[in-house]
Amino acid sequence: MADLDTTQRKRLLERLSNVREIVFGVQDGVLTTAGVLCGLSGAVSDHTQVVLAALASTAAGALSMGAGAYLGSRAETEVMRGELKQVRAAAAAKPYVLQQGLLEQLAEEGLGREAAYRVVKLLSSSPEALLTTATVKMFGLGGTVLGGNAAIDGVLMGIAFAVGAVVPLLPYILFTAPYVGLAAALAATALTLFGVGYLEGWLAHSERRWPSGLRFLLIAMSAAAVGYLIGLAISPLGAAAG
Amino acid sequence: MLKPGDPAPDFDLPAANADRIEHVSLAKISSELILLFFYPRDFSFICPTEVTGFNNARAQLSAENTAILGASVDDAESHRRWARELGGIGYPLLADQDGKLARAFGVFDEKEQVALRATFILDRQRTVAFSLACPLNVGRSVGEMIRLVSALRSGQLCPADWTPGVQFGRSDRKF
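Keeping their order, the protein sequence lines are chains B and H.
Using my numbering, you'd call the opening residue of the first sequence number 53 and step up by one each time.
Using my numbering, you'd call the opening residue of the second sequence number 26 and step up by one each time.
Excised from the complex, chain H in its bound form (with noise of 0.2 Å):
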């Protein structure tokens, strides 16, 4: 799994956004964050509150500079119908049919042919920022996701459950 300071793997995938069919290419993303998200697959009971609450975040995460992408091994069309079962989702679902990207990123589970659900965020270099990786019965936090993205544009020292709003940590207080 790829971990914070590795160069993220370019990518050039088929993906369904907004109800459209489109290719969406990493080199292309103008958005200073990139806020990857992986999740097993479409038409299933866990991971809709991931893809639908990631859609609900969209204005927070857009004002803080920060495309959102989801991933799985399904194909454009079914992440298309997925989308409209949950009402459209505002963002590109990419299309790792075969996996690809999931192995590029170190999160492919090979015994279940399916992405981890992991996230990754990519700063404007492309270079992986932060990364988890959750069980698959497990769902991340949203809210949280928000919070880390909202810590690492600050570029400065957070500590522990820094909000913003909330006084930064005193660079000469590393450790």
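Pulled out of the complex, with its shape left as it was, chain B reads as follows (with noise of 0.2 Å):
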């Protein structure tokens, strides 16, 4: 009965609808503090500075990013919550084109006209459920989206950047050999790209978790030897301009 219990299970998709936050601050923490620490160690042979210059980067990028996610799901909310306010108007003004909406959005996922008409009609009784059930069908607001917490979304993504950041900076810290931290540092960043992968497919239920963290981290790696060839490759305008 575990499986079923319905409020946990909404407490638990409510949780999770935070994945996305986490993910993207932990990948982003652990990529840019990454290419810090291996740009930086070239150019810079003070140990100390690179990783002083690195948790600066740190705090200015989870500074950053929990301001952009705050501001982005603020935004995204505020513009939900209109759009609905005004579906509610349309709503009040004419419940038939609401019902016969949702009627026809039911008979195209499979339910059968009449039995379509007889949901809505038996939704009709509550306007409320109606309304609920016709935004969440119909136009995809609802849920998560209208009761997500900008706030938490940006706290969430700032801490999900630090303690991504943490992960190459740690190991570059306790091993000040030339080299050695550096390759401890990057070890440790495609562990962790893996192992982000592989939660992310065990949060979604898969099978397919080895899968999942390759690919994971694949992406993400392709993404930093993307952007190292692009700065190779512009490099030379930085010289020309010296």
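By construction, these hints were calculated from the structure, which means they are not laboratory data.
All figures in this text were calculated on a predicted structure; none of them were measured in a lab.
Mixed in with the good hints, there may be bad ones.
Computed Cβ-Cβ distance ranges for the label pairs, DEER-style [what the hints assert, rightly or not]: (1) B:A167 - H:T152: 40 to 50 Å; (2) B:V171 - H:H48: 45 to 55 Å; (3) H:T152 - B:E135: 43 to 53 Å; (4) B:A167 - H:Q181: 42 to 52 Å; (5) B:E160 - H:P34: 54 to 64 Å.
Pairs of lysine-lysine, BS3-like flavour, derived with a Cα cap of 30 Å [said to hold, decoys possible]: (6) B:K189 - H:K136; (7) B:K137 - B:K173; (8) B:K173 - H:K53; (9) B:K189 - B:K137; (10) B:K146 - H:K53.
Beyond 12 Å from chain B on every Cβ pair, some chain H residues (computed) [as the list claims (entries may be wrong)]: (11) H48; (12) P65; (13) I71; (14) A84; (15) E135; (16) A158; (17) L161; (18) G164; (19) R172.
Note that the Cβ used here is the ideal one computed from N, Cα and C, for glycine as well.
Two chains, two frames, some hints: make the complex.
The following block contains the structure:
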């Protein structure tokens, strides 16, 4: 019966709706910091200076990503709430349009026309139930989109970025020998990226968790590699300017 | 879409009428006028007001020697269940399942695969005396249809907004 506990499952789904922020934050924190460590290790010989610069980058990145997630989430919620308000007004003025729209949607999803009519008629005995169902089925509005908390999104994103940044930073701090710290940081980065992908597969109840981890690692590292190659390609421009 | 003066296409279709399934043939209808209205689908939240509206106007139209026929692309059994859902409908709902009748009247929406919300009044010769089509989302005025039936049966010159009891127009001032 535990699997059918809808209240618990609903709470779990609400929590899982923040997976995007966590995955995005960790991935960005890991890759950005690894990139900073790689770049500065070549340019700056002082280990402490590299660490301080990476810490500064982590603080700025976490704040920026947190603020960005907060503003983005808030904007999304506001826009969706505005749309819902319009739908509510239209539904109050012309309930039959909403009823007909929901009926057509249910029929399109495979419910017989007569059955769909009866479902909508039954729902119509509670205007709120009709509106809630119609907004979800017809417009995809509701649930986690409308119930989201922008502040939580922002805080989670910032923390996730900082946690991600610690992954390459910590081994780099612990191993001070030239290249050893960097190699350890890159290994930890790869391992973490794979772990995030694996976790994503686990949360999705997927049987293919290893491929999920490898896919995440491959995509993230490819993005980093392409970024590095673009940097190499444009570096002659900097030399020419100097 | 057929217009006044066009001959109405003949038909013989299954229909639901007063909780029975029967066949309705244009040739066998004896009333002076026939009010034929097409509607998109059974089990809809927009159409019932028209179907029940015409049902409520049965006595008035019967007094005008006018038969009512409804038609949609649903089958006769669906019509019967829909009529029950609406509390009973006392005129035939034609099952124009393939849309042939709607196409013959020029009111079939090929994109939606349903009939337009169109109304025809046929005279004694079964010629179109009146035709009107509304958008799918706009219902017709049953009262206006009754007024038109009265006006058509009067055989007189009926000025704008004429209603029974109001003076007819003078035939020497047609224009």
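- request: Say whether it holds or is violated: H:H48 keeps its Cβ farther than 12 Å from all Cβ of chain B.
  value: 23 Å, holds
field: Beta-carbon spacing of H:T152 to B:E135 - inside the hinted bounds 43 to 53 Å or not
entry: Hint holds: Cβ distance 51 Å, inside 43 to 53 Å.
query: Holds or violated: are the alpha carbons of B:K173 and H:K53 at most 30 Å from each other?
result: Roughly 38 Å separates the two Cα atoms, so the pair is violated.
task: Measure nothing beyond the straight line between the CA atoms of B:K189 and H:K136; if it is 30 Å or shorter, mark the hint as holding.
output: Within the cut-off at roughly 23 Å; holds.
- prompt: Between B:A167 and H:Q181, does the beta-carbon spacing fit 42 to 52 Å?
  reply: At roughly 50 Å between Cβ atoms, H:Q181 and B:A167 fall inside 42 to 52 Å, so the hint holds.
Check on H:A84 being off the interface with chain B, judged by Cβ distance over 12 Å: 27 Å, holds
query: Going by Cβ atoms, does H:I71 stay more than 12 Å from chain B at every point?
result: Check fails; 6 Å does not lie beyond 12 Å.
- request: Take the C-beta atom of B:A167 and the C-beta atom of H:T152, compute their distance, and say whether it sits inside 40 to 50 Å.
  value: 42 Å, holds
- request: Run the C-beta distances from H:E135 to all of chain B and say if the shortest one exceeds 12 Å.
  value: It holds; H:E135 is separated from chain B by about 18 Å at its closest Cβ, greater than 12 Å.
- prompt: Does B:K173 lie within 30 Å of B:K137 when you go C-alpha to C-alpha?
  reply: Satisfied, since the Cα-Cα distance of roughly 23 Å is no more than 30 Å.
message: Need the status of pair B:K146, H:K53: alpha-carbon distance at most 30 Å?
response: 41 Å, violated
message: So H:G164 supposedly isn't at the interface. Is its beta-carbon more than 12 Å from every beta-carbon in chain B?
response: H:G164 is in fact no farther than 12 Å from some Cβ atom of chain B, at 9 Å.
Violated hints, listed in ascending order, are 2, 5, 8, 10, 12, 13, 17 and 18; each of the other numbered hints is respected by the structure.
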